[in-house]
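**Student:** Go ahead and model the full structure; you've got the sequences and the hints to work with.
There are 2 protein chains.
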Amino acid sequence: MKNAIDREIPDEVKGRKLRPFQGNDGYLPEDRFIPATRMRAHSSSFVRQKKKVLSSLKEALVKVGLKDGMTLSFHHHFRGGDNLMNHAFEIIQKMGVKDLTVNASSVQPVHSPLIPLMESKVITNIEGGANGAPGEAISRGKLDGLLTVRSHGGRARAIDSGDSHIDIAIIGAPTADFMGNLNGTNGRYACGPLGYAWPDARMADNVIAVTNELVSFPNYPVSIPMTLVDWVVHTDVPIGDPKGIVSGTTRITKDPMRLKIASTVIDVLDSAGIIKEGLTFQSGAGGISLASSYFLMEEMLKKKIKGSWAMGGSTAALVDMLDRGLFDYLLDVQAFDVTAVNSLRNNPRHIEIGASCYASPFNAACAVNLLDTIVLGATEVDLNFNANTVTESDGRILHGIGGHQDTSSGAELSILAFPLIRGRVSVVVDNVTTVVTPGESIDVVVTERGVAVNPSSKHFDEITNNKRLNIKSMEELKNEALKLTGPRKPIRFKDNIVGVIENRDGTVLDVIYELAD
Amino acid sequence: MKNAIDREIPDEVKGRKLRPFQGNDGYLPEDRFIPATRMRAHSSSFVRQKKKVLSSLKEALVKVGLKDGMTLSFHHHFRGGDNLMNHAFEIIQKMGVKDLTVNASSVQPVHSPLIPLMESKVITNIEGGANGAPGEAISRGKLDGLLTVRSHGGRARAIDSGDSHIDIAIIGAPTADFMGNLNGTNGRYACGPLGYAWPDARMADNVIAVTNELVSFPNYPVSIPMTLVDWVVHTDVPIGDPKGIVSGTTRITKDPMRLKIASTVIDVLDSAGIIKEGLTFQSGAGGISLASSYFLMEEMLKKKIKGSWAMGGSTAALVDMLDRGLFDYLLDVQAFDVTAVNSLRNNPRHIEIGASCYASPFNAACAVNLLDTIVLGATEVDLNFNANTVTESDGRILHGIGGHQDTSSGAELSILAFPLIRGRVSVVVDNVTTVVTPGESIDVVVTERGVAVNPSSKHFDEITNNKRLNIKSMEELKNEALKLTGPRKPIRFKDNIVGVIENRDGTVLDVIYELAD
Numbered sequence: 001m002k003n004a005i006d007r008e009i010p011d012e013v014k015g016r017k018l019r020p021f022q023g024n025d026g027y028l029p030e031d032r033f034i035p036a037t038r039m040r041a042h043s044s045s046f047v048r049q050k051k052k053v054l055s056s057l058k059e060a061l062v063k064v065g066l067k068d069g070m071t072l073s074f075h076h077h078f079r080g081g082d083n084l085m086n087h088a089f090e091i092i093q094k095m096g097v098k099d100l101t102v103n104a105s106s107v108q109p110v111h112s113p114l115i116p117l118m119e120s121k122v123i124t125n126i127e128g129g130a131n132g133a134p135g136e137a138i139s140r141g142k143l144d145g146l147l148t149v150r151s152h153g154g155r156a157r158a159i160d161s162g163d164s165h166i167d168i169a170i171i172g173a174p175t176a177d178f179m180g181n182l183n184g185t186n187g188r189y190a191c192g193p194l195g196y197a198w199p200d201a202r203m204a205d206n207v208i209a210v211t212n213e214l215v216s217f218p219n220y221p222v223s224i225p226m227t228l229v230d231w232v233v234h235t236d237v238p239i240g241d242p243k244g245i246v247s248g249t250t251r252i253t254k255d256p257m258r259l260k261i262a263s264t265v266i267d268v269l270d271s272a273g274i275i276k277e278g279l280t281f282q283s284g285a286g287g288i289s290l291a292s293s294y295f296l297m298e299e300m301l302k303k304k305i306k307g308s309w310a311m312g313g314s315t316a317a318l319v320d321m322l323d324r325g326l327f328d329y330l331l332d333v334q335a336f337d338v339t340a341v342n343s344l345r346n347n348p349r350h351i352e353i354g355a356s357c358y359a360s361p362f363n364a365a366c367a368v369n370l371l372d373t374i375v376l377g378a379t380e381v382d383l384n385f386n387a388n389t390v391t392e393s394d395g396r397i398l399h400g401i402g403g404h405q406d407t408s409s410g411a412e413l414s415i416l417a418f419p420l421i422r423g424r425v426s427v428v429v430d431n432v433t434t435v436v437t438p439g440e441s442i443d444v445v446v447t448e449r450g451v452a453v454n455p456s457s458k459h460f461d462e463i464t465n466n467k468r469l470n471i472k473s474m475e476e477l478k479n480e481a482l483k484l485t486g487p488r489k490p491i492r493f494k495d496n497i498v499g500v501i502e503n504r505d506g507t508v509l510d511v512i513y514e515l516a517d
Numbered sequence: 001m002k003n004a005i006d007r008e009i010p011d012e013v014k015g016r017k018l019r020p021f022q023g024n025d026g027y028l029p030e031d032r033f034i035p036a037t038r039m040r041a042h043s044s045s046f047v048r049q050k051k052k053v054l055s056s057l058k059e060a061l062v063k064v065g066l067k068d069g070m071t072l073s074f075h076h077h078f079r080g081g082d083n084l085m086n087h088a089f090e091i092i093q094k095m096g097v098k099d100l101t102v103n104a105s106s107v108q109p110v111h112s113p114l115i116p117l118m119e120s121k122v123i124t125n126i127e128g129g130a131n132g133a134p135g136e137a138i139s140r141g142k143l144d145g146l147l148t149v150r151s152h153g154g155r156a157r158a159i160d161s162g163d164s165h166i167d168i169a170i171i172g173a174p175t176a177d178f179m180g181n182l183n184g185t186n187g188r189y190a191c192g193p194l195g196y197a198w199p200d201a202r203m204a205d206n207v208i209a210v211t212n213e214l215v216s217f218p219n220y221p222v223s224i225p226m227t228l229v230d231w232v233v234h235t236d237v238p239i240g241d242p243k244g245i246v247s248g249t250t251r252i253t254k255d256p257m258r259l260k261i262a263s264t265v266i267d268v269l270d271s272a273g274i275i276k277e278g279l280t281f282q283s284g285a286g287g288i289s290l291a292s293s294y295f296l297m298e299e300m301l302k303k304k305i306k307g308s309w310a311m312g313g314s315t316a317a318l319v320d321m322l323d324r325g326l327f328d329y330l331l332d333v334q335a336f337d338v339t340a341v342n343s344l345r346n347n348p349r350h351i352e353i354g355a356s357c358y359a360s361p362f363n364a365a366c367a368v369n370l371l372d373t374i375v376l377g378a379t380e381v382d383l384n385f386n387a388n389t390v391t392e393s394d395g396r397i398l399h400g401i402g403g404h405q406d407t408s409s410g411a412e413l414s415i416l417a418f419p420l421i422r423g424r425v426s427v428v429v430d431n432v433t434t435v436v437t438p439g440e441s442i443d444v445v446v447t448e449r450g451v452a453v454n455p456s457s458k459h460f461d462e463i464t465n466n467k468r469l470n471i472k473s474m475e476e477l478k479n480e481a482l483k484l485t486g487p488r489k490p491i492r493f494k495d496n497i498v499g500v501i502e503n504r505d506g507t508v509l510d511v512i513y514e515l516a517d
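First to last, the protein sequences are chains A and B.
Take the first sequence: its position 507, counting from 1, is numbered 507 in the numbering used here, and each next residue is one higher.
Take the second sequence: its position 460, counting from 1, is numbered 460 in the numbering used here, and each next residue is one higher.
Rather than coming from a laboratory, the hints here were simulated on the basis of the structure.
Hints may be right or wrong, so weigh each one.
What the hints assert, rightly or not - Derived lysine-lysine pairs resembling DSS-like cross-links, with alpha carbons at most 27 Å apart:
| # | chain 1 | residue 1 | chain 2 | residue 2 |
| --- | --- | --- | --- | --- |
| 1 | A | 121 | B | 17 |
| 2 | A | 260 | A | 467 |
| 3 | A | 458 | B | 51 |
| 4 | A | 121 | B | 14 |
To be verified - Listed next, the stretches of chain B that the computed footprint assigns to chain A, with coverage defined by at least 3 CB atoms under 8 Å from CB atoms of chain A:
| # | region |
| --- | --- |
| 5 | 222-232 |
| 6 | 498-509 |
Idealized CB from N, CA, C, for every residue including glycine.
**Tutor:** Structure follows, in structure tokens:
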């Protein structure tokens, strides 16, 4: 057979079939999405068009062929200030599309406009996590299908492995260039890292970036590269509200009880030999966690110890530690405040990482597995150290998992730190309403009324031998709380399963039932 | 069914099958390599071992299960100084393994020790390209299977799409940390970018990094991330010879004829309106290409024009232009000299990119398609502007493709510039021995005896209207050369096909036969 330039090409040579040349833009694989990789097999004629920029998200959704039953993904780096998911569903609702799955790294209270769309079956499944009113609506049976709750690492794993297939990823980008190089560090809606959207960008069949600021090529630094972005929507509709994106209000707690808990955390870390040269540490933005970071900083300065790296969600506290040389590097998948966003922009030792690198358990490595310690909260913890972060004591879904499963499973020493009683109910219970993090991942529970160490912890002896610590069993903590609160009102559920809690490896830890009351 | 933490998990809910939790390290997908992504599904217990570092490449090859018939990949950033591929095959030969495919971004003359391994059928197929003696050996029929010649973009596409499956990628890394974050910018064998190895790292079933310098975690900057690297071999066997890695000798030509050709190139660019604000440009390290870069720099300074970005293979010339502000950014997939390596290390506007981003035609974007112009050479060009870079006029395979197909297909204006007669034979011929780049990709041929413009070029009129240029047809150039050289001796081939030339999209442009003489 002769090819397009008149050369004789055999059909097959030495067992290999040959496709003859058909002209530079002549050949396009039959399957536009090459299944082995989800590499988007654009023809070179598409790539050479250089016309990715569209002026509305609706145009992009039409171009990628949005239809009933598809899965759309979103990221939550704009946090309480996110406007993009609501904007997208305003358009989608008008397009008359139904039975969609939302795969979002987090659904937030700001996304309450989605609740009526659950009722009208525009949205029938949600993957990721749901906070506040959207979560509560799911507890009340408003979602026709299922809420699949995944940790940040579990979500990355599910996407990377194909367990969760995304038809259309919609990525809010504070800045983009005309070919789709994206970053979150610049622009008036800067949010810092875009790490939760990295798996979406790589694996989705179609990737739509939405930006309010189109910058010159190449947009630098590159967080998500142009190789993965199909369309760039340049719109005036704000993707986020700066006031909600970064609050600037993550301040250290002033509550003496919480400060005491944080101080006990440092004592526990010290007993377990964690506060040593080369320490690695992750801290969240919660009051106790943040106070622990500050106390740890003081302890490191006192001991003249230098850590190796810390990990975000990044805060002013972690940036302060980085700037003072207490760690060499700050690895970061999301920013919690303005200081953290500015640090990522300006400090080359503040390194953006993707969700897979942060926490996916099936990669060749993930950062959480290299942590020396992590300090976390919980809504409930039971006698087996199983922790709940998703449902409240009344059974309502009000939170996601975040990195709870990932960091506690990965870290050398995992600490749950919380006031024993919250809103007149005990956090320590016989059995958690919903198991979110299995007890085997938790080493220590720190409360203002005592410290309980998991008998299966490698550090049990070291910690329980510290006479300064008020060591108790979980049973003791539970009984103390019970005396103060009285017994909890049992929660009444219907038979309808509304949610599934996946472990980071995709196995199921627990299911959530619809509330009866 | 109850899961490992005693929760009742239904087999199925709302049509979705559930896998019950089996303990934190209990579940491992049946297929270690999740086919949808080639994500390496390590169990979390593997990932938490933190024991990736091995002391010999042999140990790593045993661990990943090297066996007959596998495909091993290598990159050529160490260029003439590469020692790793020879070292690997010394080990492999002793292990008694046979029938291997080598997928290398380039096989170089320094890899001549592989020739006897072709004869003994340890190596039976080669993908990528072959330069010098290994190429000639293939022309003489020493390879039992096929040489599949791919451009840099075509190789990335083949790997990304699964057309070329890699069992084991062996990546030489000037520095690595204990989890496998790699870069090529630091260490005594620094080679600059590792971009050609990026597709290998992402897609291979097993990734072995080999380093002489183990640095503290996290190795920064990260070129290839730990998420993709299975094993880190820390060895004293040098991965490269600094003298060959970066030559430091890429100097501008002093030959007046070549300088004249380079100067004519600038005239052609000017006629076609390419030398304008925001210009984008790639230059190779060849004498004429390098001289063109310098002349372009002069022209830009004269015209007070600033370019947008330039692309490497990077050289001191391109770094000079970057440092002088003639371009904002330098995108780079490989470094050709010490100045370029140092620039990548020190200048944040010198950006490392991977081979897919550089040139793969089936991504959502690639950089070559955004080039305004490219200046290239060729061993032969024919009357249809088809170019040959792989075989010499005597039919021997002596070179690879590099980015020739990619850049010429992608750039707005592609120029082939060469002295009309090379080693007493004409470069312009009736029919090239081997078609490597189809004529439709080439706009202009520049020689010391005249300029030929492809009638299908969009810029035909602009360039042919420039009266300063000595415009000729390809026929005229051919006849002029013929008068000087006399007719070429025809090449005699056997029936045996030894090589296949793929276009960047994987279709076949031409085949190469075994030499009869």
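**Student:** Which hints, by number, does the structure contradict?
**Tutor:** none
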